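Residue numbers (numbering that gives the first Met the number 0), protein chains in the order written: chain P, 0 to 431; chain B, 0 to 292; chain C, 0 to 270.
Just so you know, these hints were derived from the structure itself, not from any lab. Values in this document were obtained by computation on a predicted structure and should not be read as measured data. Heads up, some of the hints might be wrong.
What the hints assert, rightly or not - In silico DSS-like cross-links for lysine-lysine, where the CA-CA straight-line distance does not exceed 27 angstroms:
(1) B/Lys102 with C/Lys257
(2) B/Lys141 with P/Lys257
(3) P/Lys233 with P/Lys118
(4) C/Lys122 with P/Lys32
(5) P/Lys330 with C/Lys122
(6) C/Lys52 with P/Lys301
(7) P/Lys301 with B/Lys141
(8) P/Lys327 with P/Lys57
(9) C/Lys122 with P/Lys64
(10) P/Lys349 with P/Lys112
(11) P/Lys383 with P/Lys233
(12) C/Lys122 with P/Lys84
(13) P/Lys46 with C/Lys52
(14) C/Lys52 with P/Lys64
Stated by the list, open to error - Interface residues of chain B toward chain P, partial, derived using beta-carbon atoms under 8 angstroms:
(15) Phe47
(16) Ile132
(17) Asp150
(18) Phe259
Heads up, the beta-carbon is just placed ideally off N, CA and C, and yes, glycines get one too.
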Amino acid sequence: MRVKKSAIALVSALSLVVGLAVLPNANAATTVKMVLWPGPEGDAMQKVVDAYNSSQGKKDGVTVKMILLSRDNTFAKEAALMKAKSSEYDIYFTASYLVGQHAPYLSDLKGVKDSLYLKASVNSLKVAGKQKALPLDTSLHFMYYRKDLVSSLTANAAKYTSIAKTVLGKDLKPNTDPATWNWDDALATAAFFTQKYNPESPTKYGYALPAKNLLYNTMIWNDVLWGLGGNWLKNGKPNLNTPSGKAAIDVYNTIYTKGLTSPDSSQWEYAETNAALTSGNAAMALQWNAAYSELSTTGSTKDQIGIAPPPGKGGRTHVHALAVGLNKFSKNQAASAKWMAHLATVPAMKTYATAGGVPSMPEILKGMVATNASFANIIEYAGKYGYSESAGPREFDIYAALAEVLSPAWSGQKTSGDVAAAADAAIQKLLK
Amino acid sequence: MSTTFNRERKVAGWILSAPLLILLAGLLVWPIYLGFQTSVTHDVLSEFETYPVGFENYRSILSEPNFWSSIRFTLIFALTATIIELILGFALALLFDRYFPGKRILFSLMLVPIMIAPSLMAVMFRLILNENIGVIPGLLNKIGLSYSIFDQNNVFTSLIMLDVIEFTAFTFLLSYSALQNMPQEIYEAAAIDGASKSQTLWRVTLPILKPALAIVFLLRILDSIRTFDSIYILTGGGPGTTTQTVGIYIYKTAFIYGDFGLAASAAIVLVLLLAPFMPSIIKQFNLGTGDSK
Amino acid sequence: MKKGWGTTLLVTCVVFVFLIPLLGAFYTSLRTDEAIASGPFVWEFDSNFEHYKNALGAAGYDFPSFFRNSVVISLGTVLLTILVSFPASYAIVRLGFGGPWLLRLALALRITPAIFFVIPFYKLFTAYQLIDRPLALILANTFINMTLALLVFSGAIKEMPIEIEEAAAVDGASIWMTLRRIVFPLLGPGMAAVGVLTFLFSWSDYLFAVVLTSSEATPVTVGAANFVTSYGVRWGDISAAVCLSVLPPLLFATAAQKFLVKGLSSGAVKG
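Take these sequences, add in the hints, and give me the full structure.
Take a look at the structure:
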């Protein structure tokens with residue numbers, strides 16, 4: 000009796016499963032599928048897509064469907080798809096640091112007006128002179144710092160100098176204008192706001208260091224390297240096993256080994272850095288510009304967050320653009336091109352910005368400074384301090400390789416001398 | 000008479016195994032062929048063209064120190080975690096092998112960790128272990144302990160503890176069902192013979208359950224060797240490569256460095272390394288085929 | 000009875016430790032973003048249940064659809080796994096089918112990292128138009144869980160005294176009848192264990208779901224990961240999603256418990 004019942008259950012369950020499993024997909028007149036990141040970019044883009052589908056899209060005969068893949072897995076999945084020469088998606092999500100890897104699988108884009116965009120962003124998406132992707136959001140780095148704390152330094156000059164001497168072995172006076180900082184200033188200020196050296200410090204640590212073995216953390220560390228005058232390559236040869244390279248590694252190493260940041264920061268990246276700032280446990284951090292929306296609206300410190308360029312001289316903030324590119328193997332090339340042509344216009348990006356995106360168009364950013372103060376900084380820094388490595392198709396890999404080789408030195412397990420040579424070797428291997 | 004019976008058995012054997020064989024043929028043979036083909040190819044994402052390179056990838060892998068250190072770490076991690084999980088899981092199964100109030104609810108709750116995807120579990124860990132906004136460090140601070148969870152010296156222990164929390168439920172469930180399979184008479188006989196509780200456990204229960212527990216151990220350690228999600232999300236294999244498992248190594252090689260050929264060869268080398276041990280392990284635990292009691 | 004409560008207490012403590020992540024998720028899901036970012040014990044109750052609202056219907060998070068997919072995929076996997084593994088295990092153990100190499104092959108499967116299968120599966124399923132359909136994930140998950148089922152069933156069948164089957168054979172029962180009427184019911188606990196574990200593992204699968212689905216067949220696990228954005232991790236939303244995603248498997252495990260007990264009492268080998 001029980002067996003019979005379960006047999007019936009089995010059959011009905013199987014039929015249900017089979018039935019649901021082979022449901023036909025809904026069909027529409029040329030649907031273009033586009034991959035995007037979830038979060039503010041996806042939310043904002045949805046508005047642009049909806050607007051297009053209900054007006055221009057009808058004229059073009061195109062309906063756009065947006066697919067959201069999680070931030071961590073988007074690129075992995077796209078790699079698998081590209082490898083398989085898939086035509087499942089028409090438009091891929093990409094970025095300046097990946098466009099070299101993706102270029103073979105993306106069609107060239109025609110008719111993109113460079114003048115509409117931040118120069119650094121639109122150029123970072125060209126491969127061998129061809130525009131391979133359309134810029135969406137621009138990302139760069141800020142030095143976020145606690146305004147209230149930094150301005151209090153002048154009143155404590157003597158203590159500052161003595162701590163700087165103890166911790167860094169240097170004679171330093173307080174510098175309350177982070178825009179003019181060099182790394183000595185930053186480190187001394189961080190030491191001053193570390194309770195280990197200054198029990199009266201309101202913050203437990205002076206710095207929030209993202210030292211996890213993660214390629215995005217290498218991008219941040221690059222700012223230190225460039226601010227100190229260093230670079231990945233010099234005359235085409237790896238340049239980290241040099242005084243400037245080692246000095247950059249030493250900055251991180253000092254922060255960690257001197258306890259200016261939490262020991263847990265050996266596993267920190269974006270989210271943890273934010274948490275340190277919003278919970279009032281860190282006084283400064285080099286961090287992505289996107290963090291401003293969280294830092295300025297949540298936590299006990301939200302009104303005290305200031306923005307400065309990374310310390311140092313010259314072009315010293317990493318700039319990259321998130322972007323969308325056209326799948327070479329898409330079966331809907333013409334339709335996708337029409338949609339992308341629409342995306343490459345100011346009105347479309349205006350919708351994007353109003354809905355929360357950060358488009359790479361200076362004209363739009365200027366007009367929205369009231370909503371997000373950091374937009375002004377984006378325009379200024381991208382132009383004045385922006386810099387990006389152009390290291391060929393394996394640039395993405397170099398970030399990852401450097402994270403792997405350098406993170407032990409960042410978190411004090413090894414010294415700069417131990418890893419600098421290996422870093423150069425890793426770069427050399429990936430130069431093609 | 001006996002030949003017809005044997006033939007009937009043979010035919011029945013084929014029919015019963017048909018679904019399995021079809022599945023294996025479709026989902027195993029083809030991928031292995033494809034995987035092997037990829038492993039002897041230069042197949043990198045950033046290069047459009049692929050070309051055969053013989054055993055070049057294998058040569059690279061075999062001489063790659065990161066690969067071997069990841070295997071070493073994986074084995075140490077898997078062994079430690081599995082032994083703890085087996086002992087803990089079995090002990091819990093013993094506890095559950097009797098009536099106590101709330102058993103039903105607690106049983107279901109025991110299984111909850113497996114219901115959460117390891118990747119989501121890892122994200123949760125990331126939150127609750129966060130020094131600044133996580134409850135665990137918060138609690139530790141309140142009671143005066145200052146334990147840095149991801150400090151170099153503590154990372155391994157922390158990762159093991161997380162694995163134990165995540166997967167003990169697995170060893171528990173299997174041990175429990177093995178215990179349920181024990182015939183009642185054995186206990187009754189032992190009781191009649193005057194055996195104490197612990198004597199019953201060590202002299203009667205464990206020996207009988209040895210094959211079943213061996214299966215549990217085997218399954219768990221094979222899964223543990225493939226550990227990826229939790230460690231990747233929490234440490235990325237770092238700092239450097241100190242917590243890099245072979246699963247993370249292969250993932251990174253394929254999806255970050257885009258070298259699918261190398262990754263495929265690494266996966267195959269892994270299987271080849273472990274495969275020779277399988278027959279002897281199976282034999283050891285008497286999982287043999289066709290012989291009846 | 001006093002002894003009973005001692006065990007309850009001990010078990011509760013252990014269970015509590017294992018549930019810390021989930022309890023943390025629950026706690027987080029009820030706080031406002033402000034509170035979460037300020038510190039572990041800052042309590043500001045989110046009376047709007049904003050996070051649950053987001054988890055259930057925010058942009059791109061179509062929970063009902065994800066939920067339905069997870070259920071279909073997990074149940075389908077359980078059925079297919081048992082269908083494939085149970086008869087085969089019997090064939091291997093009692094009918095000597097496949098010799099020793101079949102089980103070894105299955106074990107070799109278990110060693111191979113899932114990554115290895117990702118691209119071949121993608122190519123294979125694309126060729127048969129199964130991408131973004133639940134069936135693809137059912138097949139992939141069955142493939143993964145097959146080994147567990149084979150080993151458990153094989154072990155359990157080996158443990159069964161063969162006298163019963165021999166008696167049935169003497170009575171004229173065919174192999175099929177023996178399988179259905181005798182072996183299947185006796186395997187109650189093993190069947191339940193395999194069923195529950197297969198369901199739970201399929202429910203929590205992530206890697207295959209990411210690669211083999213895009214929008215129609217996405218299960219709950221992939222959907223929840225969308226709360227890790229480039230602007231920060233939406234801790235509150237993802238906590239709520241995790242809490243919600245645990246409910247169905249919890250109900251399933253509770254229901255399967257009854258089957259476990261029933262299978263035991265109807266299948267006990269009593270003299």
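For the hint on B/Asp150, does the least C-beta distance to chain P fall short of 8 angstroms? 5 angstroms, holds
Are the Cα atoms of B/Lys141 and P/Lys257 separated by 27 angstroms or less? Holds. B/Lys141 to P/Lys257 sits at ~25 angstroms (cutoff 27 angstroms).
Measure nothing beyond the straight line between the CA atoms of C/Lys52 and P/Lys64; if it is 27 angstroms or shorter, mark the hint as holding. Between C/Lys52 and P/Lys64 the Cα gap is close to 23 angstroms, so the pair holds against 27 angstroms.
Restraint status (C-alpha distance of P/Lys330 to C/Lys122 at most 27 angstroms): Between P/Lys330 and C/Lys122 the Cα gap is close to 17 angstroms, so the pair holds against 27 angstroms.
Straight-line Cα separation of P/Lys46 and C/Lys52 no greater than 27 angstroms? 20 angstroms, holds
Does the structure keep P/Lys349 and P/Lys112 at a Cα separation of 27 angstroms or less? Status holds; Cα separation ~16 angstroms.
Would the hint linking C/Lys52 and P/Lys301 be met if the CA-CA limit is 27 angstroms? At roughly 25 angstroms apart (the allowed maximum being 27 angstroms), P/Lys301 and C/Lys52 satisfy the hint.
Are the Cα atoms of C/Lys122 and P/Lys64 separated by 27 angstroms or less? Since the Cα atoms of C/Lys122 and P/Lys64 sit roughly 23 angstroms apart, the hinted pair holds (cutoff 27 angstroms).
Are the Cα positions of C/Lys122 and P/Lys32 separated by 27 angstroms at most? 19 angstroms, holds
Measure nothing beyond the straight line between the CA atoms of P/Lys301 and B/Lys141; if it is 27 angstroms or shorter, mark the hint as holding. 26 angstroms, holds
Pairwise hint evaluation, C/Lys257 against B/Lys102, where the allowed Cα distance is 27 angstroms at most: Holds, because 12 angstroms separates the two Cα atoms, which is no more than 27 angstroms.
Under the criterion that the straight-line Cα-Cα distance not exceed 27 angstroms, is the pair P/Lys383, P/Lys233 satisfied? Within the cut-off at roughly 22 angstroms; holds.
When each numbered hint is compared with the structure, no violation occurs for any of them.
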